[in-house]
Amino acid sequence: MKKNTIVMLGGFIIAGAIVFLLMAATPGSSGVELTMKELLATQDQHKDDFVTVEGLLIEDSIKWNPDKIELKFDVKNNEGQIMHVIHNGPKPDNFSEGVITILQGSPTKKDTFEAESVKTRCPSKYEGKDIKDYDPETHKDKLNQPPKEK
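Going by the UniProt record's numbering, the letters in the sequence shown line up with residues 1 to 150, in that order.
You can take every hint at face value.
If you anchor each label on the Cβ, the simulated ranges turn out as follows:
#1 45 / 67: 31 to 37 Å
#2 14 / 120: 38 to 44 Å
#3 33 / 5: 44 to 50 Å
The calculated lysine to aspartate or glutamate pairs, modelled on DMTMM-like cross-linking and capped at a C-alpha distance of 20 Å, are:
#4 119 / 60
#5 109 / 54
#6 119 / 49
#7 109 / 70
#8 91 / 74
#9 37 / 54
#10 76 / 60
#11 76 / 54
#12 72 / 116
#13 109 / 48
#14 110 / 79
#15 119 / 93
#16 37 / 79
#17 47 / 111
#18 109 / 49
#19 63 / 93
#20 37 / 111
Bear in mind the hints are in silico, worked out from the structure with no lab data behind them.
Source: prediction; values computed, not measured.
Beta carbons are placed, not taken as given, at the ideal position from N, Cα and C, and that holds for glycine.
Use the sequences and the hints to build the structure in full.
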């Protein structure tokens, strides 16, 4: 074989391997994002899908087993629908009532979700006031003052 043919063949093999690894390493890109209401209504259709769904944590339902590193809890949506979640992994830090959980995984049996990852979104008590109510004049003097000497 000619040297150029070998180089081109090697280049195609390397490019193909890179594309394959990128596709295999990003399961979330081939997944689907659903509301909890949509997921509970069409659970059977998404058993083989990688799904992202959000729900409000119900704190009384948290069952943490540190020996198995298993976390079980329930989430609810605004309509009051409840979904049971099983996660084999660490418990997020700010896991408390009213925290919005972002779950990635797949539904298993009825109203049950097996999460590969569990993330939390900060509750609204940490969010600032609406920007339309912000008055820069209030903070202007504080920003222009020299630092206090000790």
